[in-house]
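Peer 1: As a plain string of letters, each chain reads:
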Amino acid sequence: MAGALKTGFALAIFASGLSCAAATDVTLELRDGSGRPIPDAVVFAEPVAGAAPVVKPNTRALIDQVNKEFVPHVSIVQAGTSVFFPNSDNIRHSIYSFSPAKVFTTKLYSGREAAPITFDQTGLVVLGCNIHDSMVAWVFIVDTPWFAKSGADGIGTLQGLPSGEYKITAAAPALNLPPQVLNLHVDGSAPMHSTISMGAGQ
Amino acid sequence: MRIQRLQTRIIIFFVALLVLVQVLAFTFVNAANSRNAQTKVEEELNVGQRVFARQLEQNAEKLKLSARVLAADFAFREAIATHDTGTIASVLANHGARIGADAMVFVELDGTVISDTLRPQSEARPFEYPALIKANKNGASASMEVLDGRAFQLVAVPVLAPLPIGWVVMGFAVDDSLARDLRQLTELEVSFALDAPSGWHVLASTLNGDEQKALLADMPARSAKVTRLVMNIEGVDHQALVIPLDDNNNARIVAVLHRSLDSALAAFERLRFTLIVLAGFSLVLSIVGSVAVARSITRPLETLASAAARIEHGDYVEPVNLQRADEIGVLASSLNHMRSGIADRERRILKLAYEDPLTDLANRSRFNNALEQAIAQAAQGTARLTILMMDLDRFKYVNDTLGHGVGDHVLREVSLRLQHTVLGAECIARLGGDEFAILVKHAGETDLTDTARRIISALDTPILYEGQPLDVGTSIGIAHFPEHGNDAQTLVRNADIAMYAAKRNKTGFAVYDPHYDTSQQEHLSLLGELRRAVERNELRLYYQPKVSLHSAHVTAVEALIRWEHPTRGLVPPALFIPFAEHTGYIKLLTRWVIREAVRQCGAWLREGLTLQVSVNISARDLMNRDLPELVAELLAEHDVTPGLLCLEITESGFMEDPVHAQKVLDRLAELGVKLSIDDYGTGYSSLSYIMKLPVQELKIDQSFISRMATDAEISTIVRSTIDLGHNLGLQVVAEGVEDAAVWNMLRTLGCDDAQGYFMSRPLEPAALASWIRANHGTFDCPAAATGTNRVLGAQAR
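These protein sequence lines map, in sequence, to chains A and B.
Numbers in my numbering are just positions in the first sequence, counted from 1, shifted up by 328.
Numbers in my numbering are just positions in the second sequence, counted from 1, shifted up by 77.
Don't take each hint at face value.
[Said to hold, decoys possible] Derived lysine-lysine pairs resembling DSBU-like cross-links, with alpha carbons at most 30 Å apart:
#1 B:Lys211 / A:Lys430
#2 B:Lys211 / A:Lys396
#3 B:Lys473 / B:Lys428
#4 A:Lys495 / A:Lys477
#5 A:Lys396 / B:Lys141
#6 B:Lys428 / B:Lys302
#7 B:Lys141 / A:Lys435
[Said to hold, decoys possible] Pulled from the structure, derived: some chain A residues nowhere near chain B, Cβ distances all over 10 Å:
#8 Asp353
#9 Arg364
#10 Thr433
#11 Gln449
#12 His521
[Unchecked claim] Short, incomplete list of chain A residues facing chain B, as computed with Cβ under 8 Å:
#13 Leu390
#14 Phe426
#15 Val454
#16 Gly456
#17 Asn458
#18 Asp461
#19 Met463
Note that these hints are calculated values from the structure, not bench results.
For each residue, glycine too, the CB sits at the ideal point set by N, CA and C.
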């Protein structure tokens with residue numbers, strides 16, 4: 329984690345099999361300064377011109393609480409998504425957020441007692457548990473259907489991106505680094521693959 | 078100043094020793110105690126400092142904990158998260174009050190102050206102590222800082238939502254109650270001070286106002302290190318530590334921990350007081366003890382000293398009474414032995430000192446003591462004292478010619494006779510030589526003259542030595558106290574003078590007369606004048622004729638010197654000849670006499686008068702080797718045949734140095750000068766010796782001649798002397814013929830010549846010449862003139 333903190337972003341994009349009319353997948357590989365993959369980072373693309381197409385969001389998302397930890401501790405959802413907070417622990421939790429994108433508090437609950445929270449404003453919401461200070465979770469709320477979360481291999485894939493100019497944002501909230509923003513021209517003819525290196529100096 | 082008394086010295090020694098030990102002990106104990114007290118204070122301060130530091134730390138931890146709990150309060154966090162300034166301010170005030178914080182500040186992550194309960198504000202401003210909030214991003218930190226001129230324990234904790242969104246800084250004022258709490262824990266006085274631009278001032282303290290002022294007056298310069306110093310707070314020394322508390326801003330805030338040295342030294346002061354009391358007590362004990370010891374030593378010493386003093390004063394009766402087994406006892410018995418030893422020796426010494434060992438009479442010292450005592454007693458009353466001084470007339474001859482054994486015998490015999498003769502005398506003493514003295518008290522004048530006469534007659538009887546009679550006469554001088562002197566010295570001197578007067582006048586004894594004294598003194602001035610007498614031609618020669626008893630012819634004269642003093646008149650030779658002999662002036666005088674006699678002899682020759690001239694020469698003249706030459710020259714000069722000069726010498730004259738005298742006499746005899754023995758019978762010269770001398774004449778002393786008419790024994794002596802002289806072939810001359818009876822006796826005895834007043838007294842040359850011419854050269858004996866009483870006629874020499 330410390331090594332990653334010292335690492336800034338370095339973005340290199342490789343495009344292949346471009347198609348003007350068709351959509352394509354953009355694979356983004358996130359690595360830290362030492363070349364190690366960064367898991368649990370988020371990437372999303374916003375078209376530079378015009379709004380993103382209104383796509384009915386995946387209206388349900390889920391952040392479980394297991395062993396006094398949020399699982400997953402990093403989530404990315406489309407605005408308007410309702411997020412469920414099931415409690416898998418046999419102790420009670422009380423989830424809160426003071427983030428401006430969504431301020432809320434749940435009462436102490438267990439199991440599935442808590443009502444889902446709808447995040448309808450874009451931004452970053454940091455979640456905590458009122459009972460357990462060590463619990464923290466980040467929720468990115470974006471206004472675009474093209475977003476992904478990196479896996480253990482540090483790779484996140486933005487699927488079905490039509491050709492055009494995009495603003496790509498990458499963020500690794502657990503690393504406490506500012507989001508990395510870059511513009512990307514997408515040629516829908518072929519899937520694209522690019523590596524974003526997050527290192528110091530960016 | 079030297080301390081003389083042993084007792085004092087012992088006491089001083091012991092007391093000084095003890096005082097020294099006490100002072101040393103006290104000094105060491107005092108120094109050790111002082112050090113201990115100092116160390117104790119230091120340790121207390123060190124402990125206090127550690128407790129203080131720990132306490133501040135614990136305070137901070139406690140505050141941090143409280144702050145953290147507060148910051149974790151959901152409602153608090155919720156209110157902070159509203160970003161509503163008014164809400165934030167109110168929640169800060171509210172929650173601050175909950176944990177008793179005196180100041181609450183909310184600082185955003187970027188260091189901007191959002192809200193401050195102490196100093197409400199309109200605009201955002203950076204937080205003054207960024208180090209505090211940067212120190213630990215996620216935890217709490219604390220430090221001592223100044224806010225608005227006051228000191229605060231500041232605690233900063235992040236506000237988590239759940240990630241840090243800012244810092245809440247809580248300030249807890251450093252106040253008197255904190256100081257008091259710390260004092261309770263550290264047992265030290267605690268003050269907090271701030272170095273403001275205007276100088277040090279107290280933030281909080283356990284001290285009162287005046288003490289605080291005193292503290293500020295002694296504050297040291299600002300330092301980042303702990304400073305140790307001694308402060309004087311209201312007259313009491315305090316050991317102090319100045320501890321910088323804020324490391325962010327140049328040690329502006331300090332804690333001053335201090336403790337009164339007096340309170341730390343109080344126990345030591347009590348110990349010191351005890352020591353002083355102990356020292357004083359043991360000093361008194363030691364003085365008492367050393368006085369006792371000193372007494373036990375010095376008291377017997379004083380007894381010994383007083384015994385020694387008794388011995389010193391001559392009291393040998395009382396022994397030292399000190400029965401002890403120790404050294405002092407030994408000393409006491411030694412002193413007793415010494416006492417008896419000294420007594421014995423003193424008796425012996427006194428005997429030696431005050432008795433004449435030869436005669437067992439008192440000696441001069443005892444006589445003087447007795448005389449002085451008697452004078453002292455007599456001076457009280459009106460008592461009369463008398464001393465008689467006497468010496469023996471011919472003792473010197475006895476001693477010189479017969480030896481000291483004989484002399485000693487004579488002295489013993491004289492002393493025995495004196496003791497038998499003089500009864501009731503205070504003291505009879507032999508003063509030395511042949512000099513005796515007698516002290517008589519309460520004697521009348523007649524008793525005294527009687528005593529003197531009895532002494533003289535007692536000594537008239539010749540003393541027998543191995544069957545031989547020795548004739549010693551005596552002369553006695555008498556002096557009375559107080560008429561003749563107020564002190565011993567004067568009395569003795571005047572008695573002496575009287576004795577010499579008696580001897581001179583052949584009176585046997587004489588009572589002192591002031592006249593003697595002046596005449597005695599005259600001698601001295603006469604002697605001076607005698608030196609000039611020759612030059613001034615004051616000396617004269619008178620001539621007494623010698624008449625032949627066979628033919629009545631006047632064939633010879635004896636020259637007798639006279640001094641015609643311009644003021645004193647005629648001075649008799651007895652007054653100046655003895656002194657001239659003593660001073661050696663006699664040589665000059667003799668020279669003058671011989672010269673004059675020879676000149677006169679020559680003058681008479683030329684007048685047709687042939688007279689042999691006799692001149693007396695003294696013993697000293699016989700020592701003069703030049704005498705024969707002088708005589709020869711004079712005889713030649715005046716054309717006088719040697720046979721006309723006769724030199725008369727006394728027996729004693731050639732007895733002094735017989736060998737030398739013999740030589741001189743032999744040479745004179747060779748010249749043809751006639752030699753004669755004068756005053757024969759008064760000395761002890763042996764006839765066998767006289768036989769060897771080249772003399773032709775023997776002159777019998779007038780003391781025999783004057784008494785021969787009345788004393789048959791003397792008459793016998795004169796006769797045998799005349800026979801003896803004739804048998805030796807000598808011409809015999811009798812001196813002192815004063816009447817016809819003696820003249821006739823001498824003629825009968827066959828004596829050759831006679832000389833005396835009966836025929837003629839000494840005459841001037843012209844008168845003598847006239848006398849001879851008038852009698853036609855012979856003496857016509859006036860038979861009718863017998864019995865003329867001239868006992869005390871002038872003594873011819």
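Peer 1: Evaluate each hint against the coordinates.
Peer 2: Now the hints, each set against the structure:
For the suggested pair lysine 211 of chain B and lysine 430 of chain A, the alpha carbons sit about 29 Å apart, so the restraint of at most 30 Å is met. As the CA atoms of lysine 211 of chain B and lysine 396 of chain A are separated by approximately 29 Å, the hinted pair is consistent with the 30 Å bound. This hinted pair checks out: lysine 473 of chain B and lysine 428 of chain B have alpha carbons roughly 27 Å apart, not beyond 30 Å. Using a Cα cut-off of 30 Å, the hinted pair lysine 495 of chain A and lysine 477 of chain A holds, with the two alpha carbons roughly 16 Å apart.
Restraint check: the Cα-Cα separation between lysine 396 of chain A and lysine 141 of chain B comes to about 26 Å, which is no more than 30 Å; the hinted pair holds. The straight-line distance between the Cα atoms of lysine 428 of chain B and lysine 302 of chain B is roughly 103 Å, outside the 30 Å bound, and the hint therefore fails. Taking the CA atoms of lysine 141 of chain B and lysine 435 of chain A, the gap is near 29 Å; set against the 30 Å cutoff, the hint holds. Residue-level check passed: aspartate 353 of chain A sits 33 Å from the nearest beta carbon of chain B, beyond 10 Å.
Residue placement check: arginine 364 of chain A keeps its beta carbon more than 10 Å from all beta carbons of chain B (closest about 24 Å). Look at threonine 433 of chain A: its CB is around 8 Å from the nearest CB on chain B, not clear of 10 Å, so calling it non-interface is violated. Distance check on glutamine 449 of chain A: its Cβ is at least 16 Å (rounded) from any Cβ of chain B, clearing the 10 Å threshold; non-interface status holds. With a least beta-carbon separation of about 33 Å from chain B, histidine 521 of chain A lies farther than 10 Å from that chain, consistent with its non-interface assignment.
Interface hint status for leucine 390 of chain A: violated, as the beta-carbon distance to the closest one in chain B is roughly 20 Å, over 8 Å. Hint status for phenylalanine 426 of chain A relative to chain B: holds, with the closest Cβ pair at about 3 Å, below 8 Å. Taking 8 Å as the C-beta contact cut-off toward chain B, the hint placing valine 454 of chain A at the interface holds, the least distance being around 6 Å. Of the supplied interface hints, the one on glycine 456 of chain A holds, with its beta-carbon coming within about 3 Å of a beta-carbon of chain B, less than 8 Å.
A distance limit of 8 Å between C-beta atoms decides the matter here; for asparagine 458 of chain A the minimum to chain B is near 5 Å, and the interface restraint holds. Contact between aspartate 461 of chain A and chain B, as hinted, is supported at the beta carbon level, the nearest pair being about 6 Å apart and thus within 8 Å. Hint on methionine 463 of chain A holds. Least Cβ distance to chain B is approximately 7 Å, under the 8 Å limit.
Checked against the numbered hints given earlier, the structure breaks hints 6, 10 and 13 and satisfies all the rest.
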